[in-house]
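Since chain C is already given, all that's left is putting chain S on it; use the hints.
First to last, the sequence lines map onto chains C and S. Just so we're aligned, residue 43 is where the first sequence starts under this note's numbering, counting upward by one. Just so we're aligned, residue 3 is where the second sequence starts under this note's numbering, counting upward by one.
Accuracy of the hints is not assured; some may be wrong.
As the list claims (entries may be wrong) - Straight-line Cα separation of at most 25 Å, DSS-like style, residue types lysine-lysine; simulated pairs:
(1) C:K88 / S:K282
(2) S:K282 / C:K79
(3) C:K88 / S:K374
(4) C:K66 / S:K89
(5) S:K393 / C:K66
(6) S:K59 / C:K53
(7) C:K122 / S:K89
(8) S:K312 / C:K53
(9) C:K53 / S:K89
(10) S:K318 / S:K282
(11) S:K242 / C:K122
(12) C:K133 / S:K312
(13) S:K321 / C:K125
(14) C:K122 / S:K318
Rather than coming from a laboratory, the hints here were simulated on the basis of the structure. Just so you know, these numbers come straight off a predicted model, no measurement behind them.
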Amino acid sequence: MEKDKILLLAKTAFIELTDEQAEKFLIELEEIVGNIKTTLDSVNLKDVHDGDYYKKRLTLLIGDSPERSFDRESMMMNSKRQKDGYILVPKLIKEDK
Amino acid sequence: MRVSDIISKYRAKEETPITLLDGIYEKIEKDDLNDYISLTKNIAYEEAYHSKIRHEKGMPLSDIDGVFFSIKDNIAVENIRMTCGSKILSDFISPYSATVVERIRAKGGIIVGKTNMDEFAMGSSNESSYFGPVKNPVDTSFVPGGSSGGSAASVAASHACISIGSDTGGSVRQPSSFCGVVGFKPTYGEVSRYGLTAFSSSLDTMGIISETVRDSKRVFDIIRGEDAHDSTLSSKKAGKRDYKRVGYLDAIPQADKPVEEIYGKRIEDLKKDFELVKIKMDFIDISISTYQIQTMCETSSNLARFDGIKYGLQSKSGKNLREIYSAVRGDGFGSEVKRRILIGTYFLTHNEGEYYSLSFRLRDYIANEIDKIFENIDAIVIPTSLTLPFKFNEKTSSPLQMHLSDSLTAFSNLANVPAISINGGYSNNLPCGIQLVGKRFDDDSLLEFAERAETIWRENG
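Excised from the complex, chain C in its bound form (with noise of 0.2 Å):
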């Protein structure tokens, strides 16, 4: 693996790195998933099934009905940037000039 890729991961997961940072979890990387690979190589795949019954057991979605759950102070008592009751973030769309 390449520090690139490391870069790259933590763009896509949104983590900011410092370049020590991405060098120390380079080494670490390699060799955590090295060792599952390595580990997986000795598994016979001939033997495993396919995996639908914890596919169907574990992905269970609950009935869509909605309700109220929290009012909005409730909602918004952890945020620290709001106005007039929203929450502010940086502009998403540029103005036309």
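This is chain S only, laid out in the frame that chain C set:
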């Protein structure tokens, strides 16, 4: 601190919930274990006052009325800070309570505080917490295990009677082993996860830490059962039955010698009452790799919600949202969390997520292997951890070695079976947990068996 002892004191009018609570808070301060991130004195004293009145009238709400609970800091308690052991949530106030917390309070349980933990439940030593490591009350130069290290320490140090933790790959059982207490992980689908901050949603389970199996049983009966907020709960129940045949491993190659010795002695102790059957568990190595892939992929998705916009760390600014997200997450997450998110992102993006898909197939494989073992036996008995408690900083330089701490516990999360760790004895004054694993949804029978094993081991010294 056992539930029955506390209730006896209330009945004999020797103590009240308020006097005991005074003693607990004094002891927490004096012991200085760093097992709590937040103490909830205001609500605890209010609850203790009401409990005192009920006991005086002879009308307690339940047999946990006036019993003291600690709650892991990734479980929500309304209007109380919930940090998940992370800088990114260090000032977050929860707007609601988890179902387990509501059920405990409805029965008169008193919440003493929120316990320290590995950041977002990722770790096996409690050294990844933003709020500093927890000291093991058995010997403060050793780690308490993790990720529910503060919870296990709080029970072992009598800073609470019961703690509610979370167990994704051993996070309740391994620290219970390290602190010499009981740690129970029920079958996935028995206890509502509503209010538990998701780490790896398909594996996360609420768990109970207590001094005795009986106390875990008591609390399990209160917190289990249907909840409209958690669609993965199941009404499936196995009939109660007596366990007769118990499976054990002849050798555990990677285990430390003291662990093997204690395990061997405890197996011998069981031979008088049970038929012991040698079994093989060749899937241990595969289970760790499967566990790593599943948890890291799911965590990279689950933790995407922490972006510094609506709540949590909001100190960073930027030209656009991407800059704010990246700065907040870069500053707010610790090394272990970043490492797992990056590996999860790698697995999810590599060859269209082939590793994540494979991990589900491997989960089926592991579950099928476990089911085959259970065709001939009622329970599996194995050590909880390959090692005894270790010293601070002993494993922090090798994340890979730290991840292997879950070797003997992760398979029960992957196969979705219940498991409980009981203290099996001591070596050089350090505790060693022995784990009992049951069939899926066989939680009641497993707890009965665990209570018998606990009695046998206690009688044999």
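Do the hints match the structure? See the list:
A C-alpha spacing of about 20 Å is found between K88 of chain C and K282 of chain S, which places the hinted pair at or below 25 Å, so the restraint holds. Simply put, K282 of chain S and K79 of chain C have alpha-carbon atoms about 23 Å apart, close enough for the 25 Å limit, and the pair holds. For a cut-off of 25 Å, the pair hint linking K88 of chain C to K374 of chain S stands: about 17 Å separates their Cα positions. As the CA atoms of K66 of chain C and K89 of chain S are separated by approximately 21 Å, the hinted pair is consistent with the 25 Å bound.
A C-alpha spacing of about 24 Å is found between K393 of chain S and K66 of chain C, which places the hinted pair at or below 25 Å, so the restraint holds. Only pairs whose Cα atoms come within 25 Å are accepted, and K59 of chain S paired with K53 of chain C is rejected, the gap being roughly 62 Å. Proposed proximity of K122 of chain C and K89 of chain S is supported: the alpha carbons are some 16 Å apart, at most 25 Å. Our distance criterion of 25 Å between C-alpha atoms is met by K312 of chain S and K53 of chain C, whose separation comes to about 21 Å.
For the given pair, K53 of chain C sits about 21 Å from K89 of chain S by alpha-carbon distance, which is consistent with the 25 Å threshold. Distance check on the hinted pair: K318 of chain S and K282 of chain S sit about 53 Å apart at the alpha-carbon level, beyond 25 Å; violated. Annotation: proposed proximity of K242 of chain S to K122 of chain C is violated, straight-line Cα distance about 52 Å (limit 25 Å). As the CA atoms of K133 of chain C and K312 of chain S are separated by approximately 16 Å, the hinted pair is consistent with the 25 Å bound.
Restraint check for K321 of chain S and K125 of chain C: satisfied, since their Cα atoms lie roughly 19 Å apart, inside the 25 Å limit. Of the pairs offered as hints, the one joining K122 of chain C and K318 of chain S holds, with about 12 Å between alpha carbons and a cut-off of 25 Å not exceeded.
When each numbered hint is compared with the structure, violations occur for hints 6, 10 and 11.
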